[in-house]
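Chain by chain, the residues:
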Amino acid sequence: GAVVSQHPSWVICKSGTSVKIECRSLDFQATTMFWYRQFPKQSLMLMATSNEGSKATYEQGVEKDKFLINHASLTLSTLTVTSAHPEDSSFYICSARDTERANVLTFGAGSRLTVL
Amino acid sequence: QKEVEQDPGPLSVPEGAIVSLNCTYSNSAFQYFMWYRQYSRKGPELLMYTYSSGNKEDGRFTAQVDKSSKYISLFIRDSQPSDSATYLCALTGGFKTIFGAGTRLFVKA
Numbered sequence: 664g665a666v667v668s669q670h671p672s673w674v675i676c677k678s679g680t681s682v683k684i685e686c687r688s689l690d691f692q693a694t695t696m697f698w699y700r701q702f703p704k705q706s707l708m709l710m711a712t713s714n715e716g717s718k719a720t721y722e723q724g725v726e727k728d729k730f731l732i733n734h735a736s737l738t739l740s741t742l743t744v745t746s747a748h749p750e751d752s753s754f755y756i757c758s759a760r761d762t763e764r765a766n767v768l769t770f771g772a773g774s775r776l777t778v779l
Numbered sequence: 136q137k138e139v140e141q142d143p144g145p146l147s148v149p150e151g152a153i154v155s156l157n158c159t160y161s162n163s164a165f166q167y168f169m170w171y172r173q174y175s176r177k178g179p180e181l182l183m184y185t186y187s188s189g190n191k192e193d194g195r196f197t198a199q200v201d202k203s204s205k206y207i208s209l210f211i212r213d214s215q216p217s218d219s220a221t222y223l224c225a226l227t228g229g230f231k232t233i234f235g236a237g238t239r240l241f242v243k244a
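Protein chains in written order, with my numbering: chain A, 664 to 779; chain B, 136 to 244.
Read the hints as simulated data drawn from the structure, not as lab findings.
Where a beta carbon is used, it is the ideal one built from N, C-alpha and C, also for glycine.
Errors might be hidden in some of the hints.
Here are the simulated BS3-like pairs of lysine-lysine, each with C-alpha atoms no more than 30 Å apart in a straight line [said to hold, decoys possible]:
#, chain 1, residue 1, chain 2, residue 2
1, B, 231, A, 727
2, B, 177, A, 718
3, A, 683, B, 231
4, A, 704, B, 205
5, B, 231, A, 704
6, A, 677, B, 177
7, A, 677, A, 704
8, A, 727, B, 137
9, A, 718, B, 231
10, B, 202, A, 704
11, A, 704, B, 191
12, B, 177, A, 727
13, A, 704, B, 243
14, B, 137, A, 718
15, A, 704, B, 177
16, A, 729, B, 231
Ranges of calculated distance between the beta carbons of each label pair, as one might list FRET restraints [claimed, not checked]:
#, chain 1, residue 1, chain 2, residue 2, range
17, B, 150, A, 703, 22 to 28 Å
18, A, 750, B, 215, 35 to 41 Å
19, B, 150, A, 681, 42 to 48 Å
20, A, 702, B, 142, 16 to 22 Å
21, A, 664, B, 138, 26 to 32 Å
22, A, 689, B, 228, 24 to 30 Å
23, B, 228, A, 678, 37 to 43 Å
24, B, 192, A, 714, 35 to 41 Å
To list a few chain B residues with every Cβ distance to chain A over 12 Å, as calculated [as the list claims (entries may be wrong)]:
#, residue
25, 147
26, 189
27, 190
28, 194
29, 202
30, 204
31, 205
32, 215
33, 219
34, 243
35, 244
Next up, chain B with everything else stripped away, as it sits in the complex:
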């Protein structure tokens, strides 16, 4: 079993839709949870990070962590074509960071 599972997609949605991206993990030692966005041929950029269960909101983005279920989500409201990218979840425990496979998102105008 992989330490982090993430559906690679692709996920295609119309502009304005609410997007839900998810990762599940198996190791309860992970303490910090991050979402990165990666445009084609660019390095990943940090969108959000959190270390506790619950929701964290930043503009159109909401990160949700459920440690009891080992499940993390990223919601994008009012999605825009510029949101089209690959979204990677990342989990850190101690000095180790594990990345999900990344979900490719396409937002159609």
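One chain only, chain A, in its complex shape:
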């Protein structure tokens, strides 16, 4: 089945630094990937839709300059949290549509970001 790899699984950084999270589709091509944020005991909040070769589409209220998304290839999307602050601490998860099951999303394992 489709596998999505997400790295790093956890990261701790100082306030003001930038952090990059990678999302890779390992055995399929993903023209579209999705980035979510999840707070403890809450459901997934869609942040943006990442489109290969074009600009990402951000959900209302999500700062595009704060959360930079790059989808330069059919197997890789990256999320960069710029000038991170403690309030950016969260669990970030990516997903991609499984091309064999076109309407099913396959998720990465998630990345836990802690900003000190």
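Position chain B against the provided structure of chain A, taking the given hints into account.
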């Protein structure tokens, strides 16, 4: 009204019990219905998906969809402590996927 309603629980059951998890939705445009399981600090993993009304069974899991009532269910038979997780329903219509809030399930040994 939210597009998808799901009771967040928590739901606590003894080992071996039959668990029923449910979601209701309001938009009849949703065509695909999925259930994901999410363990703490992990990404969601797909359990089952279906696109038609009726039942779909996979081992101890049964997904049920009633499009006329806009109601979907996931049944877990012979529940195990390892089933303790958060279960999210997800509905897709066109290019849009909406997730329920997730139900936290605890299965006690």
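**OP:** Given the hint of 24 to 30 Å, check if residue 689 (chain A) and residue 228 (chain B) actually sit that far apart at their C-beta atoms.
**Re:** holds, 28 Å
**OP:** Using the Cβ atoms, figure out if residue 192 (chain B) sits within 35 to 41 Å of residue 714 (chain A).
**Re:** holds, 36 Å
**OP:** Please work out if residue 718 (chain A) and residue 231 (chain B) have their alpha carbons no farther apart than 30 Å.
**Re:** holds, 18 Å
Original post:
Taking 30 Å as the top limit, are the C-alpha atoms of residue 683 (chain A) and residue 231 (chain B) close enough?
Top reply: Cα-Cα ~26 Å, so holds.
Original post:
Is the gap between the beta carbons of residue 750 (chain A) and residue 215 (chain B) within 35 to 41 Å?
Top reply: holds, 38 Å
**OP:** Classify the label on residue 205 (chain B) as holds or violated, using whether its beta-carbon is more than 12 Å from each beta-carbon of chain A.
**Re:** Holds, since 18 Å exceeds 12 Å.
Subject >> Minimum Cβ distance from residue 147 (chain B) to chain A greater than 12 Å, as the annotation requires >> reply: holds, 15 Å
Subject >> Closest CB of chain A to the CB of residue 244 (chain B) still more than 12 Å away >> reply: Label holds. Min Cβ-Cβ 23 Å, cutoff 12 Å.
**OP:** Quickly compare the C-alpha distance for residue 137 (chain B) and residue 718 (chain A) to 30 Å and report which way the hint goes.
**Re:** The given pair, whose Cα atoms are some 29 Å apart, holds under the 30 Å limit.
Original post:
If you check the beta carbons of residue 702 (chain A) and residue 142 (chain B), does the distance land in 16 to 22 Å?
Top reply: holds, 19 Å
Subject >> Satisfaction of hint between residue 718 (chain A) and residue 177 (chain B), Cα-Cα up to 30 Å >> reply: holds, 28 Å
Original post:
When you take the CB atoms of residue 150 (chain B) and residue 703 (chain A), is the distance between them in 22 to 28 Å?
Top reply: Given about 26 Å between the Cβ atoms, the range holds.
Going down the numbered hints, you'll see the structure goes against none, and every one checks out.
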